[in-house]
Amino acid sequence: MRQKRAVNRGVQKVPVLIDKQKKEFQKFEKNMKWFQNNYEKLRDQYAGEYVAVNDGKVVLHDENARALITKLRKKHEDLGAFVIEFVSKEKIELIL
Amino acid sequence: MTHLGGHKLRIYGGRGRGDLGFVNIYFMCSNPPIHDPIRFYVDTGASRTSIADRDVARLGLNYAQLEEAQIPVIGIGCKAVKSYVLRDVLLVFRISGSTYHIERLPLVTVLKHEPQNAEERRIVDQLPSLLGVDILKNYTVRFTAKRVVLEK
Chain V
104 MRQKRAVNRG VQKVPVLIDK QKKEFQKFEK NMKWFQNNYE KLRDQYAGEY
154 VAVNDGKVVL HDENARALIT KLRKKHEDLG AFVIEFVSKE KIELIL
Chain D
18 MTHLGGHKLR IYGGRGRGDL GFVNIYFMCS NPPIHDPIRF YVDTGASRTS
68 IADRDVARLG LNYAQLEEAQ IPVIGIGCKA VKSYVLRDVL LVFRISGSTY
118 HIERLPLVTV LKHEPQNAEE RRIVDQLPSL LGVDILKNYT VRFTAKRVVL
168 EK
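Listed in order, the protein sequences are those of chains V and D.
With our numbering as the guide, the letters of the first sequence map in order to residues 104 to 199.
With our numbering as the guide, the letters of the second sequence map in order to residues 18 to 169.
These are computed hints drawn from the structure, not numbers from a lab.
Hints are supplied without guarantee of correctness; some may be wrong.
Unchecked claim - Here chain D is said to cover these stretches of chain V; the calculated rule only asks that three of the stretch's residues, wherever they fall, bring their Cβ under 8 Å from a Cβ of chain D:
{"#": "1", "segment": "129–141"}
{"#": "2", "segment": "156–164"}
Claimed, not checked - Here are the simulated PhoX-like cross-link-like pairs (lysine-lysine), alpha carbons at most 25 Å apart as the crow flies:
{"#": "3", "chain 1": "V", "residue 1": "Lys174", "chain 2": "D", "residue 2": "Lys129"}
{"#": "4", "chain 1": "V", "residue 1": "Lys178", "chain 2": "V", "residue 2": "Lys125"}
{"#": "5", "chain 1": "D", "residue 1": "Lys154", "chain 2": "D", "residue 2": "Lys169"}
{"#": "6", "chain 1": "V", "residue 1": "Lys192", "chain 2": "D", "residue 2": "Lys169"}
{"#": "7", "chain 1": "D", "residue 1": "Lys163", "chain 2": "V", "residue 2": "Lys160"}
{"#": "8", "chain 1": "V", "residue 1": "Lys130", "chain 2": "D", "residue 2": "Lys154"}
{"#": "9", "chain 1": "V", "residue 1": "Lys160", "chain 2": "V", "residue 2": "Lys194"}
{"#": "10", "chain 1": "D", "residue 1": "Lys163", "chain 2": "V", "residue 2": "Lys144"}
{"#": "11", "chain 1": "D", "residue 1": "Lys163", "chain 2": "V", "residue 2": "Lys194"}
Claimed, not checked - Just the calculated beta-carbon pair ranges, DEER-fashion:
{"#": "12", "chain 1": "D", "residue 1": "Asn155", "chain 2": "V", "residue 2": "Ile198", "range": "21 to 27 Å"}
{"#": "13", "chain 1": "V", "residue 1": "Glu143", "chain 2": "D", "residue 2": "Pro89", "range": "39 to 45 Å"}
{"#": "14", "chain 1": "D", "residue 1": "Glu137", "chain 2": "V", "residue 2": "Lys174", "range": "38 to 44 Å"}
{"#": "15", "chain 1": "D", "residue 1": "Asp36", "chain 2": "V", "residue 2": "Asp147", "range": "28 to 34 Å"}
Ideal Cβ positions, reconstructed from N, Cα and C, are used throughout, including at glycine.
Generate coordinates for the entire structure from the input sequences, incorporating the hints supplied.
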């Protein structure tokens with residue numbers, strides 16, 4: 104009954120992602136966390152640039168996000184787990 | 018009742034750029050095939066969930082293969098933004114270790130800004146993908162010092 108209710112509510116007790124996707128999701132979250140935890144250090148080195156983060160390190164950086172993605176795609180077929188973020192020189196505010 | 022076994026469903030996100038709340042989502046769509054994680058910023062000011070230009074590039078999406086949106090999109094910069102749609106999308110949220118929550122959306126907007134120069138391009142590429150009211154209307158959104166929490 105509880106299981107049925109859980110499914111109805113959309114909470115999946117059974118795997119909804121295949122192993123490959125699950126690993127990719129976990130890696131993406133890990134890369135995002137690493138980026139945030141190391142932001143101050145990254146600012147010293149890459150301020151004003153985009154960085155590509157994977158496996159706890161910056162694998163590429165470029166002032167141009169498109170150029171960075173193009174270079175990255177030449178080396179890696181799937182960018183799913185990669186984090187590509189801008190490192191701002193100063194603290195910014197966003198009004199979206 | 019919105020309780021699951023007496024507990025509320027809670028999706029925890031973080032606080033990112035500009036102190037905004039974000040959630041990481043595994044994004045799934047069959048046409049074109051997309052199976053990738055994306056970070057979405059929580060935006061109660063956005064009518065629809067949207068994928069920003071930089072994520073479009075990261076996912077390798079080709080605008081030419083997408084369906085053009087029929088409803089115009091107006092951004093905060095008071096400019097109309099060219100937009101496309103993805104249909105029948107699944108958004109997979111990780112609740113905890115191996116527990117997931119799925120939300121289905123009939124439409125997700127894919128944005129295509131048209132920057133006029135390098136400086137505009139630099140700004141456009143910083144814009145994040147947004148989790149809009151089409152999802153958020155089903156949740157109570159609250160902020161803690163380090164997190165955003167979506168609950169229902």
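Comparing the hints with the structure gives:
1. 129–141: holds (count 4)
2. 156–164: It is violated, with 0 qualifying residues against the three required.
3. V:Lys174 - D:Lys129: holds, 21 Å
4. V:Lys178 - V:Lys125: The given pair, whose Cα atoms are some 23 Å apart, holds under the 25 Å limit.
5. D:Lys154 - D:Lys169: Holds, at roughly 10 Å.
6. V:Lys192 - D:Lys169: Outside the cut-off at roughly 38 Å; violated.
7. D:Lys163 - V:Lys160: holds, 24 Å
8. V:Lys130 - D:Lys154: violated, 29 Å
9. V:Lys160 - V:Lys194: holds, 22 Å
10. D:Lys163 - V:Lys144: holds, 20 Å
11. D:Lys163 - V:Lys194: holds, 17 Å
12. D:Asn155 - V:Ile198: 21 to 27 Å: holds, 25 Å
13. V:Glu143 - D:Pro89: 39 to 45 Å: holds, 41 Å
14. D:Glu137 - V:Lys174: 38 to 44 Å: For Glu137 of chain D and Lys174 of chain V the Cβ distance comes to about 22 Å; the hint is violated.
15. D:Asp36 - V:Asp147: 28 to 34 Å: At 22 Å between Cβs, range violated.
Checked against the numbered hints above, the structure violates hints 2, 6, 8, 14, 15; every other hint is satisfied.
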